[in-house]
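Trainee: Chains as they are written, first to last, in full-length UniProt numbering: chain A, 1 to 266; chain B, 1 to 266.
Don't take every hint at face value.
When chains are identical, the list treats them as one kind, so a pair holds in a single copy or across two.
Below, simulated SDA-like cross-link-like pairs (lysine to any residue); rule was C-alpha separation at most 20 Å, straight line [what the hints assert, rightly or not]: (1) LYS266 to VAL56; (2) LYS266 to ARG249; (3) LYS266 to ASP227; (4) LYS266 to ARG204; (5) LYS266 to GLY61; (6) LYS266 to ALA153; (7) LYS266 to THR205; (8) LYS266 to VAL194; (9) LYS266 to SER154.
Just so you know, these hints were derived from the structure itself, not from any lab.
Bear in mind the structure is a predicted one, so any value in this text is a computation, not a measurement.
Protein chains: 2
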Amino acid sequence: MDVATAVGYVHGYSGVETRRLGDQADTLAELLHAGTHFPAGTRVLEVGCGVGAQTVHLVAGSPAADLVSIDLSVESVAVARARVPAPNVRFQVADLHDLPFADAEFDHLFVCFVLEHLADPVAALAAVRRVLRPGGTITVIEGDHGSAFFHPASAYAQATIDCLVELQARAGGDGLLGRQVEPLLTAAGFRDVVVRPRTMYVDRTRPALVEGFTRNTFIAMVEGVRDDALAAGLLTSGEWDRGIADLRRIVDGTFHYTFFKGIAVK
Amino acid sequence: MDVATAVGYVHGYSGVETRRLGDQADTLAELLHAGTHFPAGTRVLEVGCGVGAQTVHLVAGSPAADLVSIDLSVESVAVARARVPAPNVRFQVADLHDLPFADAEFDHLFVCFVLEHLADPVAALAAVRRVLRPGGTITVIEGDHGSAFFHPASAYAQATIDCLVELQARAGGDGLLGRQVEPLLTAAGFRDVVVRPRTMYVDRTRPALVEGFTRNTFIAMVEGVRDDALAAGLLTSGEWDRGIADLRRIVDGTFHYTFFKGIAVK
Numbered sequence: 001m002d003v004a005t006a007v008g009y010v011h012g013y014s015g016v017e018t019r020r021l022g023d024q025a026d027t028l029a030e031l032l033h034a035g036t037h038f039p040a041g042t043r044v045l046e047v048g049c050g051v052g053a054q055t056v057h058l059v060a061g062s063p064a065a066d067l068v069s070i071d072l073s074v075e076s077v078a079v080a081r082a083r084v085p086a087p088n089v090r091f092q093v094a095d096l097h098d099l100p101f102a103d104a105e106f107d108h109l110f111v112c113f114v115l116e117h118l119a120d121p122v123a124a125l126a127a128v129r130r131v132l133r134p135g136g137t138i139t140v141i142e143g144d145h146g147s148a149f150f151h152p153a154s155a156y157a158q159a160t161i162d163c164l165v166e167l168q169a170r171a172g173g174d175g176l177l178g179r180q181v182e183p184l185l186t187a188a189g190f191r192d193v194v195v196r197p198r199t200m201y202v203d204r205t206r207p208a209l210v211e212g213f214t215r216n217t218f219i220a221m222v223e224g225v226r227d228d229a230l231a232a233g234l235l236t237s238g239e240w241d242r243g244i245a246d247l248r249r250i251v252d253g254t255f256h257y258t259f260f261k262g263i264a265v266k
Numbered sequence: 001m002d003v004a005t006a007v008g009y010v011h012g013y014s015g016v017e018t019r020r021l022g023d024q025a026d027t028l029a030e031l032l033h034a035g036t037h038f039p040a041g042t043r044v045l046e047v048g049c050g051v052g053a054q055t056v057h058l059v060a061g062s063p064a065a066d067l068v069s070i071d072l073s074v075e076s077v078a079v080a081r082a083r084v085p086a087p088n089v090r091f092q093v094a095d096l097h098d099l100p101f102a103d104a105e106f107d108h109l110f111v112c113f114v115l116e117h118l119a120d121p122v123a124a125l126a127a128v129r130r131v132l133r134p135g136g137t138i139t140v141i142e143g144d145h146g147s148a149f150f151h152p153a154s155a156y157a158q159a160t161i162d163c164l165v166e167l168q169a170r171a172g173g174d175g176l177l178g179r180q181v182e183p184l185l186t187a188a189g190f191r192d193v194v195v196r197p198r199t200m201y202v203d204r205t206r207p208a209l210v211e212g213f214t215r216n217t218f219i220a221m222v223e224g225v226r227d228d229a230l231a232a233g234l235l236t237s238g239e240w241d242r243g244i245a246d247l248r249r250i251v252d253g254t255f256h257y258t259f260f261k262g263i264a265v266k
């Protein structure tokens, strides 16, 4: 399990899913990781590395930093370790709520697509803050499914996205986390909080993003919760199918999604 | 009347409203106008200048261009003329569907917050395209009320925003226009269409934007349709009041809104 499975991981753990998260990271890398460069020799803790999808980009952006990447899932850590053989990264199975590190052991914390899965994100941020040195920084990146809108608009398509949010809520997480990054960092005791949107906009003039983001990341993510959504009775299979059909139509239209990236100081 | 009143102008024409649109333009200027600079001597047509809120910034960004700003409203043109006394701008009352200009008379077209009010935006774009020279460019800027999301989330607050969209639709416009800029430009015959989001994100760490955008632009805009929304029976006064109260609460939370800026070639 990784940190997410503590409350039930809505994205699942199949091999297909592992590849999808990898694709997503590659497409999003520039959007999300621009500006994230940790100096040589600084001690960086990646919290909730999962299968290493973001670790790849962390290493690329900070090739001489001293990186530790943790996850609660033994399986995910094994995948990540095989995937990112960089000499300056050490992978470790650990629980963010009970970190096996001394106070102030790290100069920087990196927390990407983790808080959305947690029942108490403020408690999580406060727990990881312990191992950050005073004056050190934390970087948080989260999506927000409420930022998804598209053309042609469709209430049926929207209903399938709403299923994703509802299932994540029932699992104890929050699919609308991105908009809360500033309040959460502030509530956890960080200062000098700066949050900015990183917006993904896709239309027919950007075919690589139509494939890499709209189709293979976002629509694939929604399609991935079909069985759970139907089992929970959130939609009928007819409603689901119509929603997905409408959602697939946006690859010829436009799609908008916003991530939020926050940086703050201890 | 300006171009918008052809289909009923949801924003209205009061003095307060004129000031609000001015405030909005000043706060948004950098976000919206960055990158818009027309060379000295080039002939630029601003379509639907209204009270000149954007003309101020057009002139600032292109002080040596030869600018013509038109609007269907005699009153708006009078306000704009008094407000923007720049020597390189000529204001004129004109209907975008029947422009008093020769074919290919302009090098650039500028169309900001206009299409959202029109019943047939493709026809409007095709009509203004006539006066653009081959190889000339068009710049289109539009908001999208479906991009508005906020913390704390509230279904009541969302319902007041939905009223804005519904009233605009009933008036023949479209409050969800921004996401359609690329398809519309393409359908009107423009080529090399490039659309990018310009996202406004506001939280407590940006108090000037809390005042200038969240409170005095967005919430003020929603509050402005109260009487029409109640008269149309879209909400009860109790629902409206609760929605506005929840919406005002977001000044202590976070707020997100996306504009879309498109550039294309004839």
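Trainee: Treating 20 Å as the Cα threshold, decide for LYS266 and ARG204: within, between, both or neither.
Mentor: between (43 Å within a copy, 18 Å between copies)
Trainee: When no copy is specified for LYS266 and VAL194, does a C-alpha distance of 20 Å or less occur within a copy, between copies, both, or neither?
Mentor: within (13 Å within a copy, 41 Å between copies)
Trainee: Since the copies are identical, ignore which copy is meant and state whether LYS266 and SER154 lie within 20 Å (CA to CA) inside a copy, between copies, both or neither.
Mentor: Close neither inside one copy (44 Å) nor across copies (31 Å); limit 20 Å.
Trainee: At 20 Å max between alpha carbons, let me know whether LYS266 reaches GLY61 within a copy, between copies, both or neither.
Mentor: neither (22 Å within a copy, 41 Å between copies)
Trainee: For the identical chains here, do LYS266 and THR205 meet the 20 Å Cα criterion within one copy, between copies, both, or neither?
Mentor: between (42 Å within a copy, 16 Å between copies)
Trainee: Is it within, between, both or neither when you check LYS266 against ASP227 at 20 Å Cα-Cα?
Mentor: neither (42 Å within a copy, 48 Å between copies)
Trainee: What label fits LYS266 with ARG249 when the C-alpha limit is 20 Å: within, between, both, or neither?
Mentor: Classified as neither; 45 Å inside a copy, 28 Å across copies.
Trainee: Pop the pair LYS266 and ALA153 into one bin, within, between, both or neither, using alpha-carbon distances up to 20 Å.
Mentor: Cα proximity of LYS266 and ALA153: none, with 43 Å in one copy and 28 Å across.
Trainee: Under a CA distance limit of 20 Å, which applies to LYS266 and VAL56: within one copy, between copies, both, or neither?
Mentor: Neither way: LYS266 and VAL56 sit 26 Å apart in one copy and 43 Å across, limit 20 Å.
Checked against the numbered hints above, the structure breaks hints 1, 2, 3, 5, 6 and 9 and satisfies the rest.
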